[in-house]
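Chain B: place on chain A using the hints.
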Amino acid sequence: MSADSGPSKPLCNGTSTIEMCNGYCSKPHMPWFGMDIGGTLAKLVYFEPTDVTPDEEELEVETLRTIRRYLTSNVAYGSDGVRDVHLEMKNVKLAGRVGTLHFIRFPTASMKSFIELAKEKKLATLADTICATGGGAYKFEEDFNKEVELALHKLDELQMLIQGINFIDDTYPSECFYWAHPDDEEQCKKVPFDFSDPYPYLVVNIGSGVSIIAVKSQGDYARVSGTSLGGGTFLGLCCLLTGCNTFEEAIEMAAQGDSKKVDKLVKDIYGGDYDKFNLPGHVVASSFGHMMCEDHRKTVCKEDLARSTLVTITNNIGSIARMTALNHGINKVVFVGNFLRVNPIAMKLLAYAMEYWSKGQLKALFLEHEGHFGAVGCLIELIKEKR
Amino acid sequence: MAEYYAKSLELSGIPALTLTNLKHAERIAFDIGGSLTKLAFFSKISHKRALYTINPNTKSNEKPDALNHVSHDSYVSNCETEEEGWRLHFINFETKYIESCLDFVKQNVMGRSTDVNGKIIKATGGGAHKYKQLINEKLGVEISKEDEIQCLIKGCNFLLKNIPDEAFIYEKHSNPPYKFQSPSNQPLFPYLLVNIGSGVSMMKVISDTEVERIGGTSLGGGSFWGLGSLLTKAKGFDELLELAEKGDHRLVDMLVKDIYGGSYDLIGLPGDIIASSFGKAARSASDTSTHLHERIKKGKLS
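As given, the protein sequences belong to chains A and B, one line each in that order. Quick note on numbering that gives the first Met the number 0: the first sequence kicks off at 0 and runs consecutively. Quick note on numbering that gives the first Met the number 0: the second sequence kicks off at 0 and runs consecutively.
In isolation and in its complexed conformation, chain A is listed as follows (with noise of 0.2 angstroms):
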């Protein structure tokens, strides 16, 4: 190691603390972490260090050592906090390290506790600032400004979200995949797709809201379209049309339920198929269509309603993704995001849709992060930034 002036100084790498650090860091300070601050969802990435010298475990920080044992022993913090620990990462080779990645995610509505947690464990002994994106880097800044003493880089959620993506893909094996036969149960599976050479393509990341992102070439993006039901459309419908309080309870409802008792079908309407414009009998012509009618609402049991809010989100969702694809001449649609976590039935959905709609001319592709690229973004980010 050398110092790039002056007498020879050991390089700090970013594990001692500030005060200690002698200013010719080579590399951020540990740790190293990146958020993703959504509408609904936080999503914290951390990069434990696994070839951590035993010299440099003697000069490890408490502070530092704590955290890593706390994000790293636990796969829950808190009431709400949870890390994905089938998603984990091993062996990533960032900035010159070695290291796990870890997927942690907590609601935003508990940003609050987070900030008192950062402040309690003295992450601003460690660092100096934090690499966030999402509207929550905007909205909180001031509390983590005051409270935690930190200062927030805020990043754009697009370009942190095509970075991540292009990281990942890169580094874990078979990250994006899509599924074969999507409306057979019995042969309908996930198969590896290979995304190496991907432009052009449509990023559909489906949040609380939806962004559609084309993407032509490395660097060389936009964000196209977009519509407001997304995610938290279908978490606050179930919430109020079921009485469910959560993401999985209302993906659970939505597995046993029958959407067709709920939505009016082309055969609902017209007897059977309307062949002057290829639409076929079973197809959906309006959703909650048969919900007018106090008849058929006592015949409907609440996993249906789950079942056609996500159906009615899903395929409007779709629809839309096939429309922008057709415009902008893509034909690989991605689809992103934490809506699609445990949630089979919108991928396998989405998966048909785009298939049939297009006649096979556009494909849909899955990755098996689903909303944790913006995140992993911004640690990229961070380990990009040179004192």
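Keep in mind that the hints were calculated from the coordinates and are not lab data. Quick reminder that beta carbons are idealized off the backbone N, C-alpha and C, glycines included. Don't take each hint at face value.
To be verified - Just the calculated beta-carbon pair ranges, DEER-fashion:
#1 B/D164 with A/Y355: 39 to 47 angstroms
#2 B/G261 with A/N277: 41 to 49 angstroms
#3 A/Y198 with B/K121: 49 to 57 angstroms
Relative to chain A, chain B alone:
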């Protein structure tokens, strides 16, 4: 405009009075939709018309305005004539009452001994397929099933070309916000027709007869009506609209500013735009006040 919205017919409650004019119908047609059945008919109406001539005392330099009007003072009424003209009537009611309506038509229109064979009853919409047999049984005539889309554009084109003030534009911040359009010499075609019924069809209208369905969505009027019936205690479409008028959707929908604390400048999204419809509903699901019902209504309309 909601206050002028046509009230749905309640056949059980309001018998002959609303359908009175139907007795004089010369020509009837049905559009039997997923939720509503629309009935249109022509009847002959006699009315008096006053004939005016220009007042010889009018200032000669008064010119008609843009709409070809001159002031009242310029005219003098000469005489009245009695004229016969056609009047076009419109009725709609929930498709579930179709049988009652058919009974009425049978008694009051078909029942007239004169000219039964001359009565042309055309029908369109999904129900023209579904209720073909019922209509045949009740009215004893074979209805002429017409294609829904062809009828739609024929009707649209007819009204757009012939009826003044048929089409209008809505400008939220103008006063008045509604700007009515007269039939003009501008070419009518092509235009995009968005038909918002139970569901939505979007069609490219190329000519009087050529049309292509280029898109659609299942989130239509039926969805609003259905969800509204599930989420509120409103009894009927009109009541839902009334509730929506009073509600504030911002308490139910998650706006950009709720996520960003302001606008999302980088992509030009103002803070007031809805980022996630019903995005706040999960948290307030336990709130059972009537205010919630109103807020939800507004949320759904947007």
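Taking the hints in turn, this is what the structure says about them:
1. About 43 angstroms separates the C-beta atoms of B/D164 and A/Y355, a value consistent with the hinted range of 39 to 47 angstroms.
2. One distance hint, 41 to 49 angstroms for the beta-carbon pair B/G261 and A/N277, holds here, with the actual separation near 46 angstroms.
3. Between A/Y198 and B/K121 the beta carbons are some 54 angstroms apart, a value that agrees with the proposed interval 49 to 57 angstroms.
Going down the numbered hints, you'll see the structure goes against none, and every one checks out.
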